[in-house]
Each structure stands twice: as C-alpha cells, then as structure tokens.
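Protein sequences appear in the order of chains A and B. Here the first sequence is numbered in numbering that gives the first Met the number 0, starting from 0 and rising by one per residue. Here the second sequence is numbered in numbering that gives the first Met the number 0, starting from 0 and rising by one per residue.
If you're looking for bench data, these hints aren't it; they were derived computationally from the structure. Where is the CB? At the ideal position from N, CA and C, for every residue including glycine. Incorrect hints may appear among the rest.
The following label-pair restraints were derived from C-beta to C-beta distances [what the hints assert, rightly or not]:
no. : chain 1 : residue 1 : chain 2 : residue 2 : range
1   : B       : 39        : A       : 390       : 42 to 50 Å
2   : A       : 390       : B       : 85        : 20 to 28 Å
3   : A       : 248       : B       : 202       : 55 to 63 Å
4   : B       : 236       : A       : 142       : 39 to 47 Å
5   : A       : 248       : B       : 85        : 46 to 54 Å
6   : B       : 240       : A       : 248       : 46 to 54 Å
7   : B       : 202       : A       : 383       : 18 to 26 Å
8   : B       : 233       : A       : 185       : 17 to 25 Å
9   : B       : 188       : A       : 129       : 35 to 43 Å
10  : A       : 169       : B       : 240       : 51 to 59 Å
11  : B       : 17        : A       : 405       : 38 to 46 Å
Just a few of them, taken from the derived set where beta-carbon distance is under 10 Å, the chain B residues facing chain A [as the list claims (entries may be wrong)]:
no. : residue
12  : 6
13  : 106
14  : 111
15  : 114
16  : 117
17  : 130
18  : 131
19  : 132
20  : 189
21  : 191
22  : 193
23  : 204
24  : 275
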Amino acid sequence: MTTYLIKGARPLGGDAADILVKDGRIAAIGDNLSATGAEVVEAAGLIALPGLVDLHTHLREPGREDAETVETGSRAAALGGFTAVHAMANTDPVADTAGVVEQVWRLGQEAGLVDVVPVGAVTVGLRGERLAELGAMADSAARVRVFSDDGHCVADPALMRRALEYVKAFDGVVAQHAEEPRLTVGAQMHEGDRSASLGLTGWPAAAEEAIIARDVLLAQHVGARLHVCHVSTAGSVEILRWAKSRGVQVTAEVTPHHLLLTDACAESYDPVFKVNPPLRTDADVEALRAGLADGTIDAVGTDHAPHAVEDKESEWASARPGMLGLEQALSVVIETMVEPGRLDWAGVADRMSVRPAAIGRLDGHGRPIAPGEPANLLLLDPTSRATVDPAALASRSRNSPYAGRELPGRVVATFLRGVPTVLDGKAQK
Amino acid sequence: MKRHLLEAADLDRDDATLVLDTAAQIDQALAGREVKKLPTLRGRTVVNLFYEDSTRTRISFELAAKRLSADVINFSAKGSSVSKGESLKDTALTLEAMGADGVVVRHAASGAPHRLANWVRGSVVNAGDGTHEHPTQALLDAYTIRQRLGRLEGARVAIVGDVLHSRVARSNVGLLHTLGAEVTLVAPPTLLPVGVGSWPAEVSYDLDAVLPKVDVVMMLRVQAERMNASFFPSAREYSRRYGLDARRMAALPDDAIVMHPGPMNRGMEIAAEVADSARSTIVEQVANGVSTRMAVLYLLLGGSPA
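Only chain B is shown next, with the shape it has when bound in the complex (with noise of 0.2 Å):
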C-alpha cells in the first residue's frame, strides 16, 4: 500500500482487495459482539480536517477510527483558525507538530490532499476533493456490490447522473475498472467532461437503453442549482429522462441492485419507492462505509508506532 490514499489510482488490484478483504474480516470480529471495538490503533491519533460540511462522512470516519481506539480530533473549518484565513500550509504544519498519524480531509478543491501530503509526514486520507475524488465512497461501493453480487469481476455498472461535478463518479470508475467490473456512464451531454473519452468507461446519454443491461445502477446526487447554469432546461425534464423511477426499475435484470451515495434528492434523480426498494444498498452502503474505512486506517496507520 502507498502512505496516502488520495485517489482510486493508489490502489492497484491486489491493495484494493487487500481493502475489501480486511472490511469483510472486521465486520466477521465484530459481528455479534457487544463492544463493536478494536484495539488496534490504540496510541494513535486521527485527525478529520474537514473544510466542507459533510456530517455523513465525518462521522463514518469519526467512527471508523474509534472503533479502532484511535484518538480522534475533529478538526472543522467553521470555528477554528481556518475561518480566520489561516493558509492550509499553516494548518498542515500544526497538525504536523501536534503529530497526527491519519489526516483525514474533505475540502472544496480539487488536489488539496495532494497538497497536504507534501507538507505531513503522516497518511492523508482524501475524504473527497472538489470534483476530483472520494476514494473511500469507491471502496464502499466496491464492498457493497462484492456483498450483494458475489463479485466484481465482469460486473455491469452503470453510473447515472452529474458525472461532470461528481468525485464519486471519478473514484468509481478507477476503482471499479482497476477490479475488472464493466462501467458505463449515463448522463446527458452537458454533464460529462470533456475528455470522458480517455475514461476506461463506456459513455451513453440514453439511461432506458442501458439499464436492462447491467447488473448495479449508481445514482449520482445531481443539484437542482445546475439547471441555472443551462447543464439542463428543468429538474422536471432531468427527471424524466435520467431519474429512476419504480417503471425504469422495472426494466432492471432480477438480481441487480441500486446504489446512491447520499444525499439522496428523492423524486428528483431517485424516487422514494426506488430508495425504499429491497433493491436498494443505500442503508447498506453507510454501514460498509464504517467497515472499509476502519480497513483504510487499520492498513495505512496500523504498523508499529512511528
């Protein structure tokens, strides 16, 4: 394994399933267990530096590292020395002299893990950057379609939605290939990047098409406020041709499965029925969220102490 974890591309097949691996032998100790605990990062310290609002993935991380008896600091933008302008450097350099183990960052531009990997001697964690990558949401996503399918390789996914602005899509599409799952991109024209091309993904703007022909769909959270920016004329219209209702559902294999990161905007890209479907991961996929992330600081941290 590398010292960070910044994007899907750190991960090459034989670390990524050493990740999945480990999620699947943590949840195997912890299951029926009283105490959900493990000593095995007692001593060490984890820093979640969060720069963007993002309960739902702080507290999976916050959990995943107590659950490990790492010591845990939430370090959040909002009320700390970051709101007075202190540079990311500057606060990379306390957390240095503090002697975090783990950082743990969410933050609104692309690359800044990368940055605040050239400034700490411990592991950086990318908890998601701008619309660069979430490689931890991708190996949740991993975990969770191996749990249900019983497999990835050769797996059909298709990920729908705002692929553009989406780190989820981009850590997906890495690690679901690097994992020799099939990923085809659905979404219109507007919301894919230029250069999607180069992606190891198959690309179609027509989700009715594609969906009788995979066996996981992957809803991407899509913001109302991009349709001021003309990506799309109305959330209506976005919703009938690219929103997952009970009738497109219905037009899945039997056996797959419908995935969404969360937030999820119900009735916009997914309908509740969809959510609430026993097809449906989504509950699953923020339990596994705990499981692989314990595995990502249990492998990167876990060693003798520095």
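Same shape as in the complex, but just chain A (with noise of 0.2 Å):
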C-alpha cells in the first residue's frame, strides 16, 4: 500500500500542516514530516476535511442503470468529496430484503470509491402497507441502519409508529420523506405566488410540515430515534427546533439545491428544476441556511437523483423529479454558507461528514483529522471557481440544476482509508 505526505494543507481550515497517510490511517500530523518512499501530495493552500459522507443518494441500480450505476454515482461521489454515500431504497427491485442490499453494498464494494451504505425500504415494495424485513437487512452483510421508503412517504401514522419502534432493536432510524399524500395529489411545485400564475399544481408547505409535527410526537412518544429527509420549509425548520427543544432524538438533512435555490426557477418550465420537495420561496431558502447554521438542521444530504434524458427533457408535468448533487455539494455549501460566513470549515464537517456518520451510525466516517484515525479525507481548494458544465459530470446523468453556474471550491484529492479516489481533481478509477 502506498504512503502518502500530503504537504502543508489545512486541516479543518487551520494551520498548514504535513499529513502522512499509511495503512490507511492517518499516521502522523506536524510539521516538515518526511517519510522515505511516500508519495508526496502538495498541498499549499488546500483545505483538509474529513472524507464527506450523504444520507441521501439515489444511485439507481438495480433496474435504471441508465440513469446511473453503483459505479459512475460513486465515481460522481468521490469526485465530490465524498467517502461514503447511503443509496436509497427506490430501485427496481426494492431494497426491501436482503438480498438487495446485500447486492447494492457488494456493488459499492468492487466499484471500491466510495462504501456504499445501503438504506433498507420500511415497508415492502415502498407501498405503506406493511413493514420489509427490517432486521434480516439490519443483520445482512450491509449492515443497514438507515431505513425510509424515500419517494413515498411512510403516511400511516401506526404503521410510522412501528417502524419507529421496531428499529430501535438494532439502534437504527428511520428517515422519513414528509409529504402529506393527500394533500400533494398531482403537485408539480411549491403552492405560492408562483404555483398560482403558472398553473402548476401546488405542494403546499402544510403537507411536509404536519408530517414532521406528527413524526417528532411518535418519536418522543415511544423513545425513538427519527431522522426527516430534506427538509425544505421555513415552518418545517421552527418544528424541528422545538423538538430538539424537548429532547426528541430528531434530526434533519437540507440538500444543496434548497440551500440555493428558489421556486422562481420553474418560471422556465424547465423540469431539471422539478424536485420533491420542490423548491421554496426565498424565505424558506433563508431559513435552511439559518437551521442548518444552527444546527437545527444536522446535515446535508444531496437527494442526488439522477435521471435518464428522456425523463427530464419533457413537459414538466410528465417530467420525473429529481435533480443531481453529489459533485456540487460541497461547492454549494461554501457559496451559501461558508463565503457568506455562516460556518467555518470545522462547521462544514460537522454538517457534511460527523454528523451524517453518526446518524448513519459508521463508525470510520466523520472522524477527526488525527494519527491513529481512518484516512477518510478531502483536500479542497476553496478559492477556484468553475462554471458547471452538466456534460462533464461523472455522473450517467444531465440533470444538473446548476447548469452554467459559477460556483467555488474545487476538490483536488480524495482519500478512502488511505487510498486516493481523486487526485489532481480526476477520479483515480
């Protein structure tokens, strides 16, 4: 295994130091290391972080490998930052036993760029009527711990109950899509000024909030742990705030496109801005920034949800949701948050790599940047700024909502226990 002296980066955005990566772990952290027969990674100006971790991926495989494979969403992750990504359940067929999760990790396991950490459906084929073998996925080679039927909302407030209940056997969580079924018949965008003057059919904030308010009762009801999947409004902020007030086990992702972006995107009609939840208004944007500056909101996950050409380039009612965000999480995160000064680079970590971890409940992610510690680690430059060009992407898929966008922040390098996924800012397999 080769040995790695990365020279003079900043950890957590302090001080420059040389880190030197060997077996895997960080071996030592100082000043002017040397190490014979190491690679030597010039660093000068790069901001160290831990290798970031995502709840929220789709990565489509099983069953629409053209839109994405384990491998190219996992190329696309690590060229992100990424060390460890959770990919849902919405494949075909579900996640929803063993052995699809089993199938879904072993294909994270030979792509080898990021772990795979799959996420186990609640209820069998996502349809909300009864709970997946929860366990034997919680047991399996996978070793599932994040369980949601993302997509779908789990609605029935017993059915919500149990799985809450249930999982806590094997410290798991569930996190819940908070979508109000019938209250979102047919929504195509947020119900405001917008929905009103293009005709588009509404999804009211009401429908993602009585969720969270209803989840966060049945948590703290029966002890469990609740984990709410992008969490996209302003009111939907405020109740997770007064959960976490009273001592509810919640907590809350907010993806990258909420942060940025606003529901005056859909004036174009173009459905790469179609996304469930879908976008806000400006003061729902400003309040995921505040939470998520808080801590209200624990993480960031991207909801990466990659779609083939024919399925976004449509009318927009036909059009599926979703959009890709894995490769510019990060950079959306330092325009939103970090050049705004809203959180540092410690902030950043915490937000986007321990946390997540600890919700996902791994145990080599989200470490700090210290000897003896897993060399799970990113080496950003903060200062490029790069217009995105969806045609580049290491994704299968187009659907990049930031399309001939100029955001900052280029990830030069990224380790996975040691070995460089991406060097020199090129995935290295």
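Put the two chains together into one complex; each comes in its own frame, and the hints tell you how they fit.
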C-alpha cells in the first residue's frame, strides 16, 4: 500500500501541516514531516476535511442503470469529496430484502470509490402497507441502519409508529420523506404566488410540516430516533427546533438545492428544476440556511437523483422529479454558508461528515483528522471557481440544476482509507 | 411583438392594442365580401398541434389560417405517432423538419408551449396549456368587450367560477389588466389559487355583491367532477351561490354584458335564459375568435418569408 505525504494542507482550515497517510490511517500530523518512499501530495493552500458522508443518494442500480450505476454514482461521489454515501431504497427491485441490500453493498465494494451504504425500505415495495424485513437487512452483510421509503412518505401513522419502535432493536433510524400524500395529489411545485400564475398544481408547505410535527411527537412517545429527509420549509425548521428543545431524538437534513434555488426556477418550465419536495421561496431558503448554521438541521444530504434524458426533456408535469447533487454539494455549501460567514470549515466538516456519519452509525467516517484515525479525507481548493458543465460530470445523467452557474471550490483529492480515489481533481478509477 | 404568443404577459399594451386593431381591420376588410379570404399568408404553413380534444378552438384557428391563405395541417394526438408515445420534443423536431412557420399548440400540461418554443424556429401560439393560459381567448374576449362597450380602459369585469383550474381566467386577468380594465374574481375560496393575492385583481366570494358594480360578467365553465374532490358540496349548491340566472342578471347595470368562453354547462354556471339573452355575447365571441386569431397569425407570421 502506497504511503502518502500530504504537504502543507490546512486541517479544518487551521494552520498548515503535513499529514502522513500510511496503511489506511493517518500516521502523523506535524510540520516538515518526511517519509522515505512516500508519494508527496503538494497541498499548500488546500483545506483538509474529513471525507464527506451523504445520507441521501439515489444510485438507481438495480433497475435504472441507464440513469446511474453504483459505479458511476460512486465516481461522482468521490469527485465531490465523499467517502461514504447512503444508497436509497427506491430501486427496481426495491431494496426491501437482505438480498437486494447485499447486492448494492457488494457493487459498492467492487467499485471501490466510496463506501456504499444501502438504505433499507421501511415497507414492502415502498407501498406503505406492511413492514419490510428490517431485521434481516440490519443483520445482513450490508449492516443496514437507515431505513426509508424515500420518494414516498410512510403516511400511515400507526405503521410509522411501529417502524420507529421496531428499529430501536438494532439502533436503526427511520428517515422519513415527509409528505402528506392527500395534500399533494398531482403536485408539481411549491404552492404559492408562482404556482398560481404558472398554473402548476401546488405542493403546500403544510404537507411537509404536518408529517414532521406528527412524527416528532411519535418519536418522542416511543423514545425512538427519527431522521427527516430533505427539509424544505421555514415551518419545518421551526418544528424541528421546538422538538429538539424538548429532547426529541430527531435529526434532519437539507439538500444543496434547497439551500440555493427557489421556485422562481420553475418559471422556465424546464423540468431540470422539478424536484420533490419542490424548490421553495426566498424566506424558506433563508430559514434553511439559518437552521443549518445553528445546528437545528444536522446535515446536508444531496438527494442526488439522476434521471435519463427522456425522463427530463419533456413537459413539466410528465417529467420525473429530482436533480443531481453529489459533485456540486460542497460547492453549494461554500457558496451559501461558508462565503457568507455562516459556517466555518469545522462547521462544514460537522454538517457534511461528522453528524451524517453519526446518524448512519458509520464507525470509520466523520472522524477527527488525527493520528490513528482512518484516512478518509478530502483536499479542497476553496478559491477556485468554475462554471458547471453537465456534460463534464461523472454521473451518467445530466440533470444538474447548476448548469451554467459559477460555483466556488474544487475537490483536488479524496482518500478512502488511505487510497486516493481522486487526485488532481481526477477520479483514480 | 415577440416571436411567440405563449401567455398574456407576452403582450404589452401597444402589442395587445395592435392585435385588437388588426382584428377590427380584418373584420372591415372581409365585411360583405363573398370570398372571405385574404392572400396574406400564402405559402406559409401553420400546424395545429392538438394534444387535447378541443373542436371549437381548433376549427377557429383552422379557419383563421385558411382565411389568410396559409396551408394548414391538423396534427392531433389521436391517430398519430403521439399516441404511440412520441415525445413532445420529437414531435417538435418533426414539425421543424417539415418547415412549419407557425405552430398552434393545445396541451394538457401547463408550460408545454414554452418547452416547444425552445425546440422550433417557427412561431408558437399557445391555444391553451393545462391550467396555465389561453391568450387568444383573452384577446377575443377583450375584442368583444371593446366592441360592445366601446372601451377597455376602466371597464369593470367580473370573472366568475373555477379560477383555480382556468387558463381563461389567468390570461384574462393579465391581458385585461394590461389594457386598463378592472378585474374582480368571484369564486368559492376553494376554487381560487393560493397566491391569488399577488394577481392584479380584486377577489370576492359574493357574486350578488359584485354584480351591480360591473360592466362585464364573464362566467367560467365549472366541471361537475370538481365536487368529487370537495371543491364544493354539490352542483346545486354551486349553482345557487355562483350561477348566473335571470334573477341575478337583473341586478346588472343596464348596459352590462354576459360572456362565456364555452362550452357552457347550461343550468350549472349559467341559466339558459341568460345565455340566450340580449346581454349575452357568446355567439359574438365565437365569431370574434376567428378575427383575433387571424390578427395574431398575421402579426406573428406576416413578415416576408423566412
């Protein structure tokens, strides 16, 4: 195994230091380190962060390999600075058995670019009728700890209660896609001034907030962990803040696109901006940024959702919801949180690595940059700015909402347990 | 004029007035003529691309194009490659390859004409998209109001009914505001969109209070299916509270007119004696539809051949 000597990087944006990476671990940190035979990585001016962890990725395999595979999605993740991604369960077949989650897990191991951590479905076939074999998935080689019907809400309150209770047995967590389905029949975009004039069926903020309010009460009642996916409204942030103040074991994530974009994007009728939950208002964006800054929102989850061209190049109403996120997530967080001074580099590490790893109960990720720790790292050039070109992305799909937009930050290198998956900004396999 | 007519906001006050004036000139030019045809668009091709059944709008556009001597192709979703699952984009590229100068599109999806406009070089005219807009309906309504009242500036217009799902209402609110009219929307709260407060219109839930104060009352079609989704309790209750019957019509000022874009549900939103009364402009609206659509096609396509 090659030994790497990273010269002059700034861990969490602090003072420059050399980092020696050996046998998959950080062997030493200090000034003017030297190591015979080590490959030197010049990192003057670069920020060193723990490898990012995504709680919310759609890798589309099995079933829609034309949109993404575990391998192409893993490559996109590595280029975005990630060392672990949670692969959502809404594949075809659905990841609702030990067999499917083990298949996804094994494909991730074979790709070897990030740790692919399968999410198990809460209910059989995501149908919201009866629990999937959650224990079998937890006990499988994939060691599933996060369960979600993402794409669908576990809308039945009794079933949600049982799921929250049941996964306590193996320290699992239910990640809820909060959307009251009766309030969002045919919904196309955020319900407000813009949906009224565009004639697109509205997705009311209350449909998200009502489910979050219900679920935090259920989680409190049964003493279980709840994670809320892709929080998108100011009201949701308020409910979460209230629940946390009462000691409810609730965590939440926000997507990069909800931190940056608003429902004004829908005025183009370009379905690249169609996503579920939908892009909201300026006031919601502000509340989400504030919530992420003060920790009410624990994590950034990309909701990376690749779609084939024909599923997006259509009328708005018939297009599938979802947008790419892995390769630009860190850049969007820099643009919306770091550059405005709302989050420092330690804060970025906390929201994009430490806390998501803790929520997913991943042992080797989200660790301090310190001797003896697993060498899951990324090196970032924070000053570099580039215009996003969807054709240049590693994802198999092209549905990036950031096309043509200039964003800051470039991931120069990513290390997964001491092995570079990205060097000089290029994927190593 | 912009190259496409996708929504009322594509027309500023000068453009909209130009369309109405052009329609009036066309009416004059054709009045009393035996051969109701102008040579203006000879050699031009207009495609009527209809993804929704709408006989009246399609034949209105077809007649408009034919009276301008354009070649007209009717491309309906039924019985074409569209029914075999061809995408809107592929259809657009096909029309483009055939050299369509104008594409008149009716589609169930809001925004479909906007998408189409990205993919074709010819002018796109929105003939109704989902619950978004129907700008030529608003033009023909404005033309009809101007014809009957002699003005649009300061005209007080009530639009009554299912505003939430109505593309006619959206286009009329925009265009009538542009032309200086004062619009009041009247509907049960369930049939008004969240966000209607940002529109340039007053809102009322009380038809009886509004009727004495308007010059125009425009009734919208209300589909009985809406009551299954609890937008209102029953057709009878809707009709009692928001239907225009003879008693309510009597509350209108003497010279006020009654409009309806059709097709009507007689006995639901409008009583037969109202629809057939002297105040009703419903038949004129149909005739004016042809003239205003001729004006739109002429102004968008009438330049020298590309």
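Supplied contact hint for residue 6 of chain B, tested at 10 Å Cβ to chain A: The hint holds - residue 6 of chain B has a Cβ within 10 Å of chain A, the shortest such distance being about 9 Å.
Closest C-beta approach of residue 130 of chain B to chain A relative to 10 Å, hint status: holds, 4 Å
Interface hint compliance - residue 106 of chain B to chain A, C-beta minimum distance less than 10 Å: Interface hint status for residue 106 of chain B: holds (7 Å vs cutoff 10 Å).
Satisfaction of the residue 204 of chain B interface hint, Cβ to chain A closer than 10 Å: violated, 17 Å
Outcome for the supplied range 46 to 54 Å, where the beta carbon pair is residue 248 of chain A and residue 85 of chain B: holds, 51 Å
CB-CB spacing for residue 85 of chain B and residue 390 of chain A relative to the 20 to 28 Å hint: Hint holds: Cβ distance 25 Å, inside 20 to 28 Å.
Hint validity - residue 117 of chain B Cβ closer than 10 Å to any chain A Cβ: For residue 117 of chain B, the interface hint holds, since the closest Cβ of chain A sits about 8 Å away, which is under 10 Å.
Cut-off 10 Å, beta-carbon criterion: hint that residue 275 of chain B touches chain A: violated, 32 Å
Outcome for the supplied range 38 to 46 Å, where the beta carbon pair is residue 17 of chain B and residue 405 of chain A: holds, 40 Å
Per-residue hint verdict: residue 114 of chain B, partner chain A, C-beta under 10 Å: It holds, given that the least Cβ distance between residue 114 of chain B and chain A is near 6 Å, below 10 Å.
Distance restraint evaluation - residue 188 of chain B, residue 129 of chain A, Cβ atoms, bounds 35 to 43 Å: Since the Cβ atoms of residue 188 of chain B and residue 129 of chain A sit about 39 Å apart, the hinted range of 35 to 43 Å holds.
Range hint compliance [Cβ, residue 240 of chain B to residue 248 of chain A, 46 to 54 Å]: At 50 Å between Cβs, range holds.
Of the numbered hints stated above, those contradicted by the structure are hints 3, 4, 7, 20, 23 and 24, listed in ascending order.
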